[in-house]
Structure formats: structure tokens, C-alpha cells
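Use the sequences and the hints to build the structure in full.
Counting from 1, one number per residue, gives the positions in the sequence shown under full-length UniProt numbering.
Just so you know, the hints here were simulated from the structure itself, not pulled from any lab data. The beta carbon of each residue, even a glycine, is placed where N, CA and C say it ideally should be. Accuracy of the hints is not assured; some may be wrong.
In the BS3-like style, the derived pairs of lysine-lysine whose C-alpha atoms are separated by at most 27 Å in a straight line are [unchecked claim]:
1. K8 <-> K106
2. K109 <-> K51
3. K106 <-> K51
4. K47 <-> K16
5. K89 <-> K8
Pairwise CB distance ranges (calculated) [said to hold, decoys possible]:
6. V95 <-> D30: 32 to 38 Å
7. D30 <-> T87: 32 to 38 Å
8. Q52 <-> S90: 33 to 39 Å
9. G46 <-> D76: 19 to 25 Å
10. T87 <-> N45: 25 to 31 Å
11. N74 <-> R94: 31 to 37 Å
12. S90 <-> D30: 17 to 23 Å
13. Y34 <-> P88: 18 to 24 Å
14. T91 <-> D29: 33 to 39 Å
15. D85 <-> M1: 28 to 34 Å
16. A36 <-> G66: 17 to 23 Å
17. G46 <-> G92: 30 to 36 Å
18. Y117 <-> H20: 17 to 23 Å
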Amino acid sequence: MTTAEIAKDFTELLRKGDSHSAAAKYNADDIVSYEAMEGPMAVCNGKEAVKQKGEWWEANHEVHGGSVEGPYINGDQFALRFSFDITPKSTGERVKMDEVGLYTVKNGKISEERFYY
Numbered sequence: 001m002t003t004a005e006i007a008k009d010f011t012e013l014l015r016k017g018d019s020h021s022a023a024a025k026y027n028a029d030d031i032v033s034y035e036a037m038e039g040p041m042a043v044c045n046g047k048e049a050v051k052q053k054g055e056w057w058e059a060n061h062e063v064h065g066g067s068v069e070g071p072y073i074n075g076d077q078f079a080l081r082f083s084f085d086i087t088p089k090s091t092g093e094r095v096k097m098d099e100v101g102l103y104t105v106k107n108g109k110i111s112e113e114r115f116y117y
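See the structure below:
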């Protein structure tokens with residue numbers, strides 16, 4: 001599959017609310033994930049670590065709604081824009097979250113993801 005084909009299918013799965021299938025299908029075993037924050041999840045190495053980060057996020061946030069825009073493709077990379085209406089369970093304060101994810105594809109899998117917010 002081309003980067004454009006992967007990006008399109010990955011994005012459609014996310015729009016359907018199926019982030020688990022998107023990650024299982026397209027994340028490389030040695031994926032590296034970079035968050036724009038400090039702490040233990042700022043950099044996650046490997047498919048299992050990225051899965052655990054996602055599980056932590058889901059367990060610690062109530063999602064009221066959201067959208068995914070894109071994909072915006074350039075060479076072996078694509079970007080998505082995420083907008084979410086969430087309540088972090090730690091604060092109980094409902095907030096709007098706006099984020100860009102930049103994904104790099106190698107050998108038919110997402111080898112790197114970087115998030116900007």
C-alpha cells in the first residue's frame with residue numbers, strides 16, 4: 001500500500017471510533033511515539049508501549065465528541081488534525097482539545113508518530 005492508501009484507511013478507522021484496529025493494523029512493531037509533554041509517556045518505544053499509552057489516555061479522559069480532519073499527505077508522511085471535547089478525570093473540567101498528529105510510514109507501517117498541541 002502507498003502512504004496515501006494507508007493514511008486514508010487509518011483515518012477512516014479513526015473516524016469510525018476504531019483506534020484500536022487502526023493501531024493494530026498499521027503501527028509497526030518498533031513504532032516510536034512522541035508527545036509534546038514531559039514525563040514517562042513523552043516518548044514511547046514499541047507497539048505495546050504505544051498501546052498502553054492509548055489505554056491510559058482512554059481510562060483517564062471522558063470523551064464527549066470529536067473529529068478527525070485530513071489526511072494531509074507529503075511523501076512518506078501524513079498529518080491529521082484532531083479536535084476533541086473531553087473531561088480529564090483528574091480535574092473534572094471539560095475542555096476542548098486541538099492536536100495535530102504527524103505520522104511517518106516505512107515498509108507499509110507507521111514507524112513514527114508525533115503529536116503537537
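Hint-by-hint comparison with the structure:
Of the pairs offered as hints, the one joining K8 and K106 holds, with about 16 Å between alpha carbons and a cut-off of 27 Å not exceeded. For the hint linking K109 to K51, the alpha-carbon distance of about 15 Å falls within 27 Å, and the restraint holds. Of the supplied pair hints, the one linking K106 and K51 holds, its CA atoms being roughly 19 Å apart against a limit of 27 Å. Proximity of K47 to K16 is assessed by CA-CA distance (about 21 Å); at most 27 Å being required, the pair is judged to hold.
Annotation: proposed proximity of K89 to K8 is violated, straight-line Cα distance about 32 Å (limit 27 Å). As the Cβ distance of V95 to D30 is approximately 33 Å, the hint placing it in 32 to 38 Å holds. Taking the beta carbon of each, D30 and T87 are about 34 Å apart, inside 32 to 38 Å as hinted. Roughly 18 Å separates the CB atoms of Q52 and S90, a value that falls outside the hinted 33 to 39 Å.
Hint check: G46 to D76, Cβ distance near 20 Å, so the stated range 19 to 25 Å holds. Here the CB-CB span from T87 to N45 is close to 30 Å, well matched to the stated 25 to 31 Å. Hint check: N74 to R94, Cβ distance near 34 Å, so the stated range 31 to 37 Å holds. At about 31 Å, the CB distance of S90 to D30 disagrees with the hint of 17 to 23 Å.
Under the hint 18 to 24 Å, the C-beta atoms of Y34 and P88, about 21 Å apart, fit the expected range. Range check, T91 to D29: Cβ separation about 35 Å, and the 33 to 39 Å hint holds. The hint said 28 to 34 Å for the Cβ distance between D85 and M1, and at roughly 32 Å that hint holds. Restraint check, A36 to G66: a C-beta distance of roughly 18 Å satisfies the suggested window 17 to 23 Å.
Roughly 33 Å separates the CB atoms of G46 and G92, a value that falls within the hinted 30 to 36 Å. Remark: the range hint 17 to 23 Å for Y117 to H20 is upheld by a beta-carbon distance near 22 Å.
In this structure, the earlier hints numbered 5, 8, 12 are contradicted, and the remaining ones agree with it.
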